[in-house]
Amino acid sequence: MLFKMIRGVLYHQRAKMLLIAFTIVLGTSLATGMLNVMWDVGDKVNQELKTYGANITVKPKDASLLTDIYDVGEGEQLSEAYLNEEDLPKLKTIFWAFNIVDFTPFLEADASLPDGTDAKIVGTWFNHHLSLPTGEELDAGIAGMRSWWDVTGGNWLDESEPSAASSVMVGTLLAEEKGWKIGDEITLAGSAKEMTATVAGIYDAGGDEDLEIYAPLDLVQALTDREGKVDRIEVSALTTPDNELAQRAAKNPSALSSRDYETWYCTAYVSAICYQIQEAIPNASAAAVRQVAESEGTILDKTQLLMLLITALSLIGAALGISNLVTASVMERSMEIGLLKAIGARDRSITFVIMVEILVTALIGGVAGYFLGFGFAQLIGQSVFGSAIEMKLKVIPIVAALITLVTLAGSLPAIRMVLRLRPAEVLHGGQ
Amino acid sequence: MTKRRMFLRMITASLLRRRSRMLIALLSIAVGATILSGLVTIYIDVPRQMGAQFRSYGANMILLPKEGTHMTAESLQEVLGVIPEAEIVGASPYRYVRLDMPSRQQSFITAGTEFSQVQKTSPYFSVEGAYPEKTREVLVGKEIAETLGIKTGSSIELHYKTSGTAGQGQAADAAAGETLTGSAEGFNKVIVTADLVLDEEGKIASVSVDAASQTPGIGSLVGTDRQFLDQFIGKKLPLSLSNTASGEDAADEDHVVDAVTGATISSQAAVDAMNNAVLSGEAAPVERAEQFTVTGILSTGGEEEGYVYMSLPDLEKLTADNAVDVAELSVTADAEVLEEYCRAVSEANPDVTARLVKRVTRSEASVLGKLQALVFLVTVVVLLLTMICVSTTMLAVVSERRREIGLRKALGAADNSIRKEFLGEGLFLGGLGGLIGAALGFGFAQVVSVNVFGSSISFQPLLLPVTVLVSMVIAAVSCQMPIKRAVAIDPAIVLKGE
Amino acid sequence: MALLELKNVSKIYGDLKALNDVSISVEKGEWVAIMGPSGSGKSTMMNIIGCMDKPSVGEVLLDGVDISKEPQKVLTDIRREKIGLIFQQFHMVTYLTAVENVMVSQYYHSMPDEAEALEALDRVGLKERAKHLPGQLSGGEQQRVCVARALINHPELILADEPTGNLDETNENIVLDLFRQLHREGTTLIVVTHDPEVAEAAQRTIVLEHGRVAREIINENFEA
Chain H
150 MLFKMIRGVL
160 YHQRAKMLLI
170 AFTIVLGTSL
180 ATGMLNVMWD
190 VGDKVNQELK
200 TYGANITVKP
210 KDASLLTDIY
220 DVGEGEQLSE
230 AYLNEEDLPK
240 LKTIFWAFNI
250 VDFTPFLEAD
260 ASLPDGTDAK
270 IVGTWFNHHL
280 SLPTGEELDA
290 GIAGMRSWWD
300 VTGGNWLDES
310 EPSAASSVMV
320 GTLLAEEKGW
330 KIGDEITLAG
340 SAKEMTATVA
350 GIYDAGGDED
360 LEIYAPLDLV
370 QALTDREGKV
380 DRIEVSALTT
390 PDNELAQRAA
400 KNPSALSSRD
410 YETWYCTAYV
420 SAICYQIQEA
430 IPNASAAAVR
440 QVAESEGTIL
450 DKTQLLMLLI
460 TALSLIGAAL
470 GISNLVTASV
480 MERSMEIGLL
490 KAIGARDRSI
500 TFVIMVEILV
510 TALIGGVAGY
520 FLGFGFAQLI
530 GQSVFGSAIE
540 MKLKVIPIVA
550 ALITLVTLAG
560 SLPAIRMVLR
570 LRPAEVLHGG
580 Q
Chain L
93 MTKRRMFLRM
103 ITASLLRRRS
113 RMLIALLSIA
123 VGATILSGLV
133 TIYIDVPRQM
143 GAQFRSYGAN
153 MILLPKEGTH
163 MTAESLQEVL
173 GVIPEAEIVG
183 ASPYRYVRLD
193 MPSRQQSFIT
203 AGTEFSQVQK
213 TSPYFSVEGA
223 YPEKTREVLV
233 GKEIAETLGI
243 KTGSSIELHY
253 KTSGTAGQGQ
263 AADAAAGETL
273 TGSAEGFNKV
283 IVTADLVLDE
293 EGKIASVSVD
303 AASQTPGIGS
313 LVGTDRQFLD
323 QFIGKKLPLS
333 LSNTASGEDA
343 ADEDHVVDAV
353 TGATISSQAA
363 VDAMNNAVLS
373 GEAAPVERAE
383 QFTVTGILST
393 GGEEEGYVYM
403 SLPDLEKLTA
413 DNAVDVAELS
423 VTADAEVLEE
433 YCRAVSEANP
443 DVTARLVKRV
453 TRSEASVLGK
463 LQALVFLVTV
473 VVLLLTMICV
483 STTMLAVVSE
493 RRREIGLRKA
503 LGAADNSIRK
513 EFLGEGLFLG
523 GLGGLIGAAL
533 GFGFAQVVSV
543 NVFGSSISFQ
553 PLLLPVTVLV
563 SMVIAAVSCQ
573 MPIKRAVAID
583 PAIVLKGE
Chain G
15 MALLELKNVS
25 KIYGDLKALN
35 DVSISVEKGE
45 WVAIMGPSGS
55 GKSTMMNIIG
65 CMDKPSVGEV
75 LLDGVDISKE
85 PQKVLTDIRR
95 EKIGLIFQQF
105 HMVTYLTAVE
115 NVMVSQYYHS
125 MPDEAEALEA
135 LDRVGLKERA
145 KHLPGQLSGG
155 EQQRVCVARA
165 LINHPELILA
175 DEPTGNLDET
185 NENIVLDLFR
195 QLHREGTTLI
205 VVTHDPEVAE
215 AAQRTIVLEH
225 GRVAREIINE
235 NFEA
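Residue numbers (my numbering), protein chains in the order written: chain H, 150 to 580; chain L, 93 to 590; chain G, 15 to 238.
Everything labelled a hint here was simulated from the structure, so no lab data went into it.
You may find that some hints are simply not true.
[Said to hold, decoys possible] Pairs of lysine-lysine, PhoX-like flavour, derived with a Cα cap of 25 Å: (1) L:LYS243 - H:LYS269; (2) H:LYS269 - L:LYS450; (3) G:LYS141 - L:LYS95; (4) H:LYS210 - L:LYS243.
[Unchecked claim] Facing chain L, from chain H, some residues (calculated, C-beta under 10 Å): (5) THR206; (6) GLU286; (7) TRP297; (8) ASP299; (9) THR301; (10) ASP353; (11) GLY356; (12) LEU360; (13) THR447; (14) ASP450; (15) THR452; (16) GLU481; (17) SER483; (18) PHE525; (19) ILE529.
C-beta: ideal position from N, C-alpha, C; glycine also.
Make a model of the complete structure from these sequences and hints.
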């Protein structure tokens, strides 16, 4: 009988139940969408912030200071400390390898130009193809780490082209001064030999780089007879904003308790990643570029907090929306409930019937809403970040609990109110 | 009683005596309006607030003097006048000079700056210890500190040296107070030498002439005659004698002096010596030293770790000049506006070039754009869903009154008249709910702003009427749907039903 | 002259003929009861006379106007101007007081006038209850408010559908006494009922069966 009654209500009150289901669909989709977006926004924004360039620099231990403090020419390096190019793929073997987004080596030198002047030439990877021992394939290089450079003439050097080995990119100010154009052959004399290279691209970096030449690493190594050597590596890594533990660890990891050490080591703090890089690459000293690393932390924190609060508001909105409608529609049925009471139905069974009806409706609406909400999340992910939002499983129980709670909370006061009615009053139109 | 008063009485009665239903409708509208005004306020304010957060990446604009010109702290202040003060987060002047530390046989690039501004333009600077506050205090880069074992509280002595090589004596380059020496051939092709000191404006502050080689009592007077020598004070280079043939020089009082009577050749030699002193004179090597206390060790992860930082006045004292090499500006504005400011700066002072730090502005534009798009989409989706929720609730609340609508029709109410009554009710609910929601929404936005950005949000006056209007429209429209259905139904069926 | 005339009126719902070729005539000032068992077509007839429904076939002349041909909007006007309705279920606006419910009728008709509305309530003996909400009134009181509401605009025709159907005997008598008063004042009354006692109070009773007029009874004991 109960089943028949419920089925009857669901069938005959289709329109009203559809309205409730529809609202629950919307509320659930809102909650699902927002929660999914909220939990993924950190990763997404983190990716976006990679446009600021590297957040870690790796230099040879002990050597870095001298070249910086003494204003000595690059050609007459006082220090013979270098990192080895062959060690670079090891970056992708550290614990947080997956978080290493991009990296590129640098080797600087002064090149003499035929007109008697000197120019700084920087050897690097542009889009260097790497096949890692793990089987992973990736392209690393500055093409992905200098997103703010405008290539005003020609193109980014493409290392997969055979001509790339003898091509260079030139800063716009230098090109202007020397009158170089795309395709021009320029002669570069290094400490070891003289080479000719083709100008493949002219870039506007808006900084000192505009007076420099960027060349493939091999070219600069050959020019200065430093085969396999690099000065410095820039690494772009996805990191977790620093907290107190990370700050303590950054000073001296060995001072941590073993448990703290474990936590720190297994969290993608920039200091932990630096530490792991030093473990992986011999004779390396990795340091966070504070300008990038710290700002990333600030912005990530703020964005996540912002999304959290917006999500909270939407959840409250969705909750109130659903419970409101449920209340309204239960009240609307005062006549029917009065009738049920008049024919002798007990309060408990009336409550039960109404609750089951509404929960069945909520279940249907909730399932539909979950998928719709996931659609919303993808819509936002695709249109804002151009990538999918990861489906978080923990959203399901949260949304389920929320909808159940909200539906019950919405129906209880209304049911209580309706039960207080005297059936005669209701049926006589007094209500 | 007029019809209008009855109309109002019915609506008031409906609102007051059907309290629980009306509260539901009102609550629903208020929630919708809260979300509307809250999210839109946040959406409007996000670029500003987030933009301020992006200032943690440091300067996005730099000012450089044009080649061959000077920039000083004062001229910088003038130039900054073209940028709205509220948008300037900070403006740090920098003067880079190489200072020596003889005790360790080292030399470092030393930057003179204003620390209060540095903390704003480079918030990522991490100082172990404290920023210098008093004079003769310095900040030392971590690499220097580690290499040389310098600690907070250490005392270091820094020396400023000019090598005193020839060929530097351009008029414009002569520092105030520096003694310039020059010589020229006088009578009998014997050398006359002159020393002079210029003040800051390039006027001659003091002068002495050695003319002992000239005819005693006649030519030698150019070195001793006070009347002759005193007339140089306040004059500017190049100088000429008033009795020379060149008329245009004679006309310019700033550059013209009178010769000693009867010693024209010696006088001309003295003037030539002074002119030469500036053009080809040798600047004497200078060395000044000062003792500094290290208040903090700077780490940035960048090349700044190899620098020493001191206050601009301290560096001025050592170098005896007030030039500024570059100024870093952190301005809360997007790239387009920044470009505008760059142009404005060049117009205000043609000697200053303003450039954008592309790395920062470009990346900020891209990330901020994404964030804004994110908040925009979220706002749109949330608003849309909320508005539909509001509509369904209104729909349910009005549907309940089908019987009443039937009764009114049976009593002779025209359809329009019924629509008008419900419209009135809907508009009232919408207006009230909108007002409540606008206030709550602003409160919410304020909470978000204070919690997330640590600053209060700016009230958008336009948003109040917009929120109220949108709420009224939504309430009215969502009322009309069920009413339209209800009035379409025959009153007889409604009245007979149930 | 006849105030109301139904000429060969039929109302057909699908296969069902709710009214089948009915012709009746009601004079001005007359009090007529329409009787019949459930499903005899009483309510259909009432709806047609009350301008809430249109016949499938036939003419309905109210005050010389054929209301079967008029559009819905004109019907609403006619209902408002000429007819006062009383329902079995009372049907009051639940959130308006008794006097306000009366005034609603005035509002749609012409001008609300509280004094006049109170007078009408006084007439049905409810002056003291004027400020009460329907929920606070008994069924009889509610029906008396409905009577006051029906007569407030001085309609030419009062149409009552089972006016005493939900009332006890005391209240039934009060309502019938009110009808007598109205009749004396010259108001035309058509009362649809299945209660013989109520029908006997009228001058003439028309009995419907299966959608047809079965017979007409003139009440000889009628007391004006």
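Going through the hints against the structure:
| no. | hint | in the structure |
| --- | --- | --- |
| 1 | L:LYS243 - H:LYS269 | violated (35 Å) |
| 2 | H:LYS269 - L:LYS450 | holds (21 Å) |
| 3 | G:LYS141 - L:LYS95 | holds (23 Å) |
| 4 | H:LYS210 - L:LYS243 | holds (21 Å) |
| 5 | THR206 | holds (7 Å) |
| 6 | GLU286 | violated (27 Å) |
| 7 | TRP297 | holds (4 Å) |
| 8 | ASP299 | holds (8 Å) |
| 9 | THR301 | violated (12 Å) |
| 10 | ASP353 | holds (8 Å) |
| 11 | GLY356 | holds (7 Å) |
| 12 | LEU360 | violated (13 Å) |
| 13 | THR447 | holds (5 Å) |
| 14 | ASP450 | holds (9 Å) |
| 15 | THR452 | holds (6 Å) |
| 16 | GLU481 | holds (4 Å) |
| 17 | SER483 | holds (9 Å) |
| 18 | PHE525 | holds (6 Å) |
| 19 | ILE529 | holds (5 Å) |
Figure legend: structure checked against the earlier numbered hints; hints not met, in rising order: 1, 6, 9 and 12.
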